[in-house]
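Can you build the whole structure from these sequences, using the hints too?
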Amino acid sequence: DAKTTQPNSMESNEEEPVHLPCNHSTISGTDYIHWYRQLPSQGPEYVIHGLTSNVNNRMASLAIAEDRKSSTLILHRATLRDAAVYYCILTGGTSYGKLTFGQGTILTVHP
Amino acid sequence: EAGVAQSPRYKIIEKRQSVAFWCNPISGHATLYWYQQILGQGPKLLIQFQNNGVVDDSQLPKDRFSAERLKGVDSTLKIQPAKLEDSAVYLCASSRPTGGGNTEAFFGQGTRLTVV
Numbered sequence: 001d002a003k004t005t006q007p008n009s010m011e012s013n014e015e016e017p018v019h020l021p022c023n024h025s026t027i028s029g030t031d032y033i034h035w036y037r038q039l040p041s042q043g044p045e046y047v048i049h050g051l052t053s054n055v056n057n058r059m060a061s062l063a064i065a066e067d068r069k070s071s072t073l074i075l076h077r078a079t080l081r082d083a084a085v086y087y088c089i090l091t092g093g094t095s096y097g098k099l100t101f102g103q104g105t106i107l108t109v110h111p
Numbered sequence: 112e113a114g115v116a117q118s119p120r121y122k123i124i125e126k127r128q129s130v131a132f133w134c135n136p137i138s139g140h141a142t143l144y145w146y147q148q149i150l151g152q153g154p155k156l157l158i159q160f161q162n163n164g165v166v167d168d169s170q171l172p173k174d175r176f177s178a179e180r181l182k183g184v185d186s187t188l189k190i191q192p193a194k195l196e197d198s199a200v201y202l203c204a205s206s207r208p209t210g211g212g213n214t215e216a217f218f219g220q221g222t223r224l225t226v227v
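Chains as they are written, first to last, in this note's numbering: chain E, 1 to 111; chain S, 112 to 227.
Calculated from the structure, these hints are not laboratory results.
Check each hint, because a few of them may be wrong.
Looking from chain S toward chain E, a few residues come up when the C-beta cut is under 8 Å (computed) [as the list claims (entries may be wrong)]: (1) Pro154; (2) Leu156; (3) Thr214; (4) Glu215.
Ideal Cβ positions, reconstructed from N, Cα and C, are used throughout, including at glycine.
Right, dumping it as structure tokens:
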């Protein structure tokens with residue numbers, strides 16, 4: 001499985017934008033970039049995914065570098081409810097969507 | 112749509128006892144996953160089913176863990192006998208069978224197992 005690298009932790013203030021980086025230099029052409037988050041005492045929750053182009057949904061935006069070796073999850077206005085562990089995951093090929101989680105980034109949001 | 116249902120939410124057992132967890136995936140989702148999440152770590156895939164066939168069980172400790180998915184719907188994960196290091200949250204997830212990575216997975220709330 002292709003590996004991703006994320007910072008262990010990040011902090012933000014409420015109502016400010018948050019940019020969560022992810023490096024994936026060994027990504028293959030068929031790998032999708034997925035982001036999940038896990039709130040305390042809950043199962044992981046899908047946030048967004050993309051292949052080559054930037055993606056937007058109601059939760060966040062995903063900016064993918066032109067060479068696809070890195071990506072950034074953007075939360076446009078952080079709220080206290082966005083405090084969670086954010087996981088950047090690559091999945092594709094014949095994996096049937098298998099998700100291999102790393103340590104993720106712990107996001108702390110200050111009021 | 113209804114989410115992934117898991118039961119029980121919590122379980123405390125003594126070491127060497129057996130335990131079983133149940134998962135009901137979202138209707139129509141052919142792919143089902145069981146993950147183990149030890150405190151402070153990311154979830155680790157134990158087993159992945161496509162309908163009632165096993166796609167990946169490379170990280171399932173087969174000497175003590177077993178899983179089945181009868182009729183390609185509900186699934187049960189069993190541990191027998193349990194060890195102290197099995198204390199973790201066991202997460203079930205499901206997704207549509209689009210293949211590749213162009214699909215999202217939906218997770219249940221998990222079962223927190225404590226082995227004493």
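Against the structure, the hints come out as follows:
no., hint, in the structure
1, Pro154, "holds (5 Å)"
2, Leu156, "holds (6 Å)"
3, Thr214, "holds (5 Å)"
4, Glu215, "holds (4 Å)"
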